[in-house]
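Chains as they are written, first to last, in this note's numbering: chain H, 1 to 250; chain W, 1 to 250.
Heads up, some of the hints might be wrong.
Since copy identity is lost for identical chains, a pair holds within one copy or between any two.
To be verified - No more than 30 Å apart at the CA atoms, straight line, and that leaves these computed lysine-lysine pairs for DSBU-like:
1) K54 / K189
2) K157 / K240
3) K5 / K193
4) K89 / K54
5) K99 / K240
6) K99 / K5
7) K89 / K193
8) K107 / K243
9) K53 / K64
10) K89 / K243
11) K230 / K189
12) K64 / K54
13) K157 / K53
14) K64 / K89
15) K193 / K54
16) K176 / K193
17) K89 / K157
18) K189 / K227
19) K227 / K242
20) K157 / K189
21) K189 / K176
22) K53 / K193
23) K54 / K107
24) K53 / K176
25) K243 / K230
These are computed hints drawn from the structure, not numbers from a lab.
2 protein chains.
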Amino acid sequence: MENKKEIIAGIIVIGNEILSGRTQDTNTSTLSIWLNSLGIKVQEVRVIPDIEKKIVDTVNDFRKQFNYVFTTGGIGPTHDDITASSISKAFGLEYGPHKEAMSILEKYYKPGEFNEGRQKMAWMPTTANLILNPTSGAPGFNVENVFCLPGVPSILKSMLGGIENNLVGGDPIISKTINLRTVESEIAKSLSKVQNDNQEVDIGSYPFFRAGKLGVSIVLRCPDINKIEKCNLEILNFLKDKKIEILENI
Amino acid sequence: MENKKEIIAGIIVIGNEILSGRTQDTNTSTLSIWLNSLGIKVQEVRVIPDIEKKIVDTVNDFRKQFNYVFTTGGIGPTHDDITASSISKAFGLEYGPHKEAMSILEKYYKPGEFNEGRQKMAWMPTTANLILNPTSGAPGFNVENVFCLPGVPSILKSMLGGIENNLVGGDPIISKTINLRTVESEIAKSLSKVQNDNQEVDIGSYPFFRAGKLGVSIVLRCPDINKIEKCNLEILNFLKDKKIEILENI
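Build the full structure now, drawing on both the sequences and the hints.
In C-alpha cells, the structure reads:
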C-alpha cells in the first residue's frame with residue numbers, strides 16, 4: 001500500500017457565469033467526491049473566463065502538473081463555447097468535425113433538425129476520444145490526460161460513469177468526521193499535537209453553526225484506515241480529558 | 001465613462017475542505033456579486049490546499065495581476081489555519097501578535113478565556129490593516145491590495161461592509177437577462193452575429209431546465225446601459241422572426 005504513489009488532479013471551470021456570481025458552481029464538489037472515491041486527489045481548481053489564451057495557458061500548465069485534468073463548461077453550440085477549439089490549440093491538434101460525434105448527433109436529432117448550431121457541438125480535436133452523453137446526446141471528449149465535460153451539472157454527472165475505466169487511481173482516500181459541541185480555540189493546541197504526531201493523516205478543523213449553536217467538525221483523511229483509527233483514538237482521549245461533547249463520530 | 005479603466009480582482013479560496021468536495025464553496029459568488037456592484041470584475045478564482053508554498057506563490061502571482069485580491073479561509077485558531085503566516089511570508093513582513101487585534105480579542109472574550117488558541121487569531125503581519133468582524137470578534141486583515149477574509153460564509157458576509165470604502169471601483173457592470181423557451185442551437189447563429197456587432201457587451205448563453213422543460217438564459221453584461229439596450233433590441237428582433245417564446249426579460 002505504501003508503494004502506490006499519490007494520483008492528483010486539477011479542475012478547470014470555464015465560464016464567465018461563475019465569475020460574475022450569476023451561477024453557483026457545483027461541479028467542483030461533484031467531481032472531487034467522485035475522484036476521491038477512485039483514489040484521485042483534487043489538488044487545485046481554477047475558475048477562468050471564456051478567453052482563449054487563458055484556457056490554452058491554464059490547460060497547458062495543468063496537464064503537466066497533474067495526472068488528470070478535468071474541464072467543465074464551454075462545449076455547447078453558442079459563440080461563447082470555445083473550450084473545444086481552445087483545447088485543440090493547446091495540444092496543437094486539428095479542430096474540425098469529429099466523425100464519430102457527427103454520426104452520434106445525426107442519429108440523435110430528427111431529420112432536418114441537425115442544424116449548424118448543433119453541428120458545432122461535433123467540432124473538437126478531430127482525433128479526440130469521445131465521452132458519451134446519455135442525457136442530451138452531445139458528447140464530451142478526452143485528449144491525453146485532459147477530459148472535457150459540459151457545464152450543466154445534471155449532464156456532467158450522467159457522463160462520469162463512462163470515464164471511470166479510463167482513470168487509474170491510487171488508494172481510495174478514507175475520511176472520518178468527528179462533530180463536536182465546542183469552539184476551535186478550545187481544541188486547537190491538542191489537535192495540533194495530534195497532527196504533529198500523525199503527519200500522514202490530513203487533519204482539518206471546520207467551525208459550523210447548527211440549530212443556532214456553535215460546533216466544530218474534525219475531519220481525518222488518509223488512504224490507511226489504521227492510521228485514521230490511531231488518530232481518532234488520540235483525539236477521543238483529549239476530548240474526554242476536556243469533557244467536550246461529541247455529537248457524531250462517523 | 002469610456003475613460004475609466006477596468007478594475008479587476010482575483011479570489012483565492014484556501015482550504016482542503018473545498019478541494020475534497022466536503023464543503024461547497026459559496027463565498028465566490030458572494031464576493032463576485034458584491035464586487036460587481038462596486039464596478040470590480042472578478043477575472044479568476046483559484047481553490048488551493050492549505051500548503052504554505054502554494055499560498056505564497058498564488059498570492060504573489062495574483063497581487064501583481066489584479067487590482068484587488070481576496071482570500072477566504074485559513075484565518076482561524078487551528079493548526080491548518082496558515083493564511084496569516086503565509087501572507088506575511090509572501091510580503092516579507094513580520095508575523096506576530098497584532099497590537100490592535102490583540103486588544104479587540106482581549107475585550108471580546110471573558111477574563112481568563114483569551115487562551116493560546118484564541119490569541120493565535122491575532123497573529124498576522126504586524127503592520128496589516130484590520131478588517132473588523134461584527135459577528136465573531138476575530139478580525140480579517142489587509143496588506144496592500146490583498147484582503148484576507150474568513151471561510152465561514154455568514155461571517156465573511158458580515159465583514160464586507162467594512163471594506164467597501166477601501167476599494168476604488170470602475171463603472172458598475174449592468175446586466176440584463178432574457179429567459180427563453182428554446183434550445184441553444186436554435187439561436188446560436190443569430191446570437192453570434194449580435195455578439196460580433198456588439199463587441200463591448202459580454203453576451204453569455206446558458207441552457208437551463210425548469211419545471212421539466214428546456215430553456216436558455218441570454219445574459220448581457222456591460223457598464224453602458226445604452227449598449228445593453230441596443231443589443232437587447234437586436235436580440236428581440238431575431239427572436240420575433242424565429243417565433244421564440246420569451247419567458248422573462250429583466
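The hints, checked one at a time:
{"no.": "1", "hint": "K54 / K189", "in the structure": "between (43 Å within a copy, 24 Å between copies)"}
{"no.": "2", "hint": "K157 / K240", "in the structure": "neither (42 Å within a copy, 35 Å between copies)"}
{"no.": "3", "hint": "K5 / K193", "in the structure": "within (27 Å within a copy, 50 Å between copies)"}
{"no.": "4", "hint": "K89 / K54", "in the structure": "both (12 Å within a copy, 28 Å between copies)"}
{"no.": "5", "hint": "K99 / K240", "in the structure": "neither (65 Å within a copy, 35 Å between copies)"}
{"no.": "6", "hint": "K99 / K5", "in the structure": "neither (37 Å within a copy, 45 Å between copies)"}
{"no.": "7", "hint": "K89 / K193", "in the structure": "between (49 Å within a copy, 24 Å between copies)"}
{"no.": "8", "hint": "K107 / K243", "in the structure": "between (66 Å within a copy, 26 Å between copies)"}
{"no.": "9", "hint": "K53 / K64", "in the structure": "both (17 Å within a copy, 18 Å between copies)"}
{"no.": "10", "hint": "K89 / K243", "in the structure": "neither (60 Å within a copy, 37 Å between copies)"}
{"no.": "11", "hint": "K230 / K189", "in the structure": "within (18 Å within a copy, 61 Å between copies)"}
{"no.": "12", "hint": "K64 / K54", "in the structure": "both (16 Å within a copy, 16 Å between copies)"}
{"no.": "13", "hint": "K157 / K53", "in the structure": "within (28 Å within a copy, 33 Å between copies)"}
{"no.": "14", "hint": "K64 / K89", "in the structure": "both (16 Å within a copy, 27 Å between copies)"}
{"no.": "15", "hint": "K193 / K54", "in the structure": "between (42 Å within a copy, 23 Å between copies)"}
{"no.": "16", "hint": "K176 / K193", "in the structure": "within (18 Å within a copy, 53 Å between copies)"}
{"no.": "17", "hint": "K89 / K157", "in the structure": "within (27 Å within a copy, 40 Å between copies)"}
{"no.": "18", "hint": "K189 / K227", "in the structure": "within (20 Å within a copy, 57 Å between copies)"}
{"no.": "19", "hint": "K227 / K242", "in the structure": "within (23 Å within a copy, 63 Å between copies)"}
{"no.": "20", "hint": "K157 / K189", "in the structure": "between (41 Å within a copy, 28 Å between copies)"}
{"no.": "21", "hint": "K189 / K176", "in the structure": "within (20 Å within a copy, 51 Å between copies)"}
{"no.": "22", "hint": "K53 / K193", "in the structure": "between (46 Å within a copy, 22 Å between copies)"}
{"no.": "23", "hint": "K54 / K107", "in the structure": "neither (35 Å within a copy, 47 Å between copies)"}
{"no.": "24", "hint": "K53 / K176", "in the structure": "between (41 Å within a copy, 27 Å between copies)"}
{"no.": "25", "hint": "K243 / K230", "in the structure": "within (20 Å within a copy, 67 Å between copies)"}
Hint violations for this structure: numbers 2, 5, 6, 10 and 23, all remaining hints satisfied.
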